[in-house]
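Trainee: Okay, here's what each chain looks like letter by letter:
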Amino acid sequence: MKKNYSLIFGVLIIVILSLIAVFAGLISPYDPSAIDVDNLLMPPSGNHLLGTDGLGRDLASRMIYGARISLSIGLIAVGIATIIGLILGSIAGYYGGFIDTLIMRFVDIMLCFPTFFLILAIVAILEPSIFNIMAIIGITSWMGVARLVRAEILTLKEREFIQASRAIGASNFRIITRHLIPNAIGPVLVSATLGIAGAILLESGLSFLGLGVQPPTPSWGNILIESKSTLGVAWWITVFPGLSILVTILGFNLIGEGLKEKIG
Amino acid sequence: MDKLLEIKNLKVSFYLDNKTLAAVKGVNLEIANGQALVLAGESGSGKTITALSIAKILPANARVDGGEIIFEGRDILKLDEKSLRKIRGKEIAYIFQEPTAYLNPVYTIGNQITEAIILHQDKNKKEASKETLELLGRVRIQDPERVSLDYPHQLSGGMNQRALIAMALACKPKLLIADEPTTSLDVTIEAEILKLLMELKKELKFSLLFITHNLSIAKKIADKVSIMYKGEIVEEGSCESIFRSPKHSHTKELINAYQKIGKI
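Taken in order, these protein sequences are the chains called A and B. By the count of my numbering, the first sequence reaches residue 1046 at its end, each step adding exactly one. By the count of my numbering, the second sequence reaches residue 266 at its end, each step adding exactly one.
Check each hint, because a few of them may be wrong.
As the list claims (entries may be wrong) - Reference listing, derived: stretches of chain B covered by chain A, where coverage requires no fewer than 3 residues with Cβ under 8 Å from a Cβ of chain A: (1) 93-103; (2) 116-124.
Stated by the list, open to error - Straight-line alpha carbon distances no greater than 27 Å define the calculated BS3-like cross-link-like pairs of lysine-lysine that follow: (3) B:Lys-262 / B:Lys-197; (4) B:Lys-88 / B:Lys-58; (5) B:Lys-232 / B:Lys-27; (6) B:Lys-174 / B:Lys-10; (7) B:Lys-88 / A:Lys-939; (8) B:Lys-221 / B:Lys-254; (9) B:Lys-10 / B:Lys-84; (10) B:Lys-88 / B:Lys-5; (11) B:Lys-21 / A:Lys-939; (12) B:Lys-176 / B:Lys-84; (13) A:Lys-939 / B:Lys-80; (14) B:Lys-58 / A:Lys-939; (15) B:Lys-176 / B:Lys-10; (16) B:Lys-262 / B:Lys-226; (17) B:Lys-5 / B:Lys-176; (18) B:Lys-222 / B:Lys-203; (19) A:Lys-939 / B:Lys-84; (20) B:Lys-92 / A:Lys-939; (21) B:Lys-222 / B:Lys-204; (22) B:Lys-13 / A:Lys-939; (23) B:Lys-221 / B:Lys-249.
Calculated from the structure, these hints are not laboratory results. Note that CB positions come from ideal geometry on N, CA and C, so glycine has one too.
With the rest of the complex left out, here is chain A (with noise of 0.2 Å):
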C-alpha cells in the first residue's frame, strides 16, 4: 500500500501543536501577559527565542498560549457544527418530504448570507468572548455538513441492513443514530477536519479586526493586529504568528486530504 504522506505529515504537525498547546503552562518560558518596560520591541535572540512585542511581552509565550485559543476555538466550533449538520442532515435525509424540504430551504437561506459579514454582525452586537466567538462560527458553519450528511443518508437509507433494522424492530431514532450516522461519518470527518482550517481563519481574521478575542489574552489573530503598528521596526511580531496560522491550516488540510484519500 502506498504510504499516505499527507496523513502522515498532517498528524505530526497537529500533534505537536496540540502538545504545545495542552502544556502551555510548562512550556512557555515567561508570563504572557508580563509587560517588560526594559526589553520593548527586542529581536530574537538567547533570552527571548522569538523576541518581544510592543509592551516588552516575550513572543514565543504568548503564541504558544494563543495556540491553546485558536485551537480550541478550531476544535469547539467546527464541533458545533458538525453536532448541527449532523442532527438536521440526518433528519431531512431520513423523513424526507416536508420536513426534508423546510430543513434544506433553511440551508439554501443560511448560505445566502455572507458569513463573514454575518459574523461580524453578530459580534458587534454581542460581546466578543471567546466562548461567542466558538458559538457563532460554529452556527454559520454548519450547513455544508447538513447537505453532506444528508445526500448520504438519502443512499444509505435505501441500504438492505436498514431494511433488517427496521425488521428486528429498531425504532427511527435508533436507526438513525446506531445505522445510519456511523456509515456516513468518513466524509463528515473529512470535511470537520478542512472545516477545523477554516474557523481558525476566520478567528485570525475576527481578531485582525479587533472583533475577536480581545487583548490581553493572546490569539494568533490578535498578535498579528497589534503588530500592525510596529511593522516596519519589528518583523518578527508578525511574521511568526503568520506563519504558525499557515503551518496549522497546512496541517488540517493534509490530514483532510490524507483521510479523503483514505475513507471517502
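Chain A is fixed; fit chain B onto it per the hints.
Mentor: Coordinates of chain B only, in the frame set by chain A:
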C-alpha cells in the same frame, strides 16, 4: 391446527410519481402454528411485497390499499408504529436474500446479534453477548467466539446467512419469514442452510413462510405450497398434489423449469 397468521384480501400498490402499480391484488394466505408454507412464483409476482407487508416494513413508496393481516387475533395493519416495533423481531422475524448486504458493515457480527437481543429483552450487555455466543453455536457456527468478533465482509455469504438466522431467532419469534434466503448462495451451502432451518424449526417450533422461485426447495421443506402469479395466489395445496396435478399454467411452467434444469 391453530391459525397463527391469516392474510385476507391483501392489496398493496406502489405509488410512483405519475402512476400507481398494483403489486399485490387480493392475496389470501393462512399459516398454522408450526407449519412451513412455501410461497413460490416468478420474479415480480409480489411474493416479497406480501412478505414485507406482514410486519409492515414495506418500502416508502409502497402502501397497503386494503385487506387484513391477522396475526394471533390482532390486525397488524391497524397497529401503530410502537406496537409494530414490539412485534418486529420478537414475534415475526425475517431473513433475506443477500445476507452480506443485510448486515451493517460497520459493526461486528456479535454486536449486531446482541442488538437484536437487547431490543426486545430486558437483558444487560453481558448477558446478551453470552446469549449471542449460544445463538451462534445454535446455527452451527464452529467457532462462535471468533466469528462474533468478525465483520460481515470478513465472512462468506453462507456464514453471514447463519448469523442473520441467529439474529432472527434471537427473541424466539413465532413466525420466521425467509425471503429467498438461499438464492445468492451456492448449491451445497443452500442445502446446508435449508437443513439448518428445518432443524431449528423442529427445535424452536416456529412457523415458516419461505419465499422462493425454486420449486425443488418446496419439495424438501413445504407442508403447504402457494403459487403466486402477477399479484395473486393462483394455486394452493400440499406439495404432493401440486407436483402431481398442477392446475394453473404458471405452476406447470415453474415445475417444467425445475425439471428442465434437473435434466441438464
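Trainee: What are the numbers of the hints the structure violates, in ascending order?
Mentor: none
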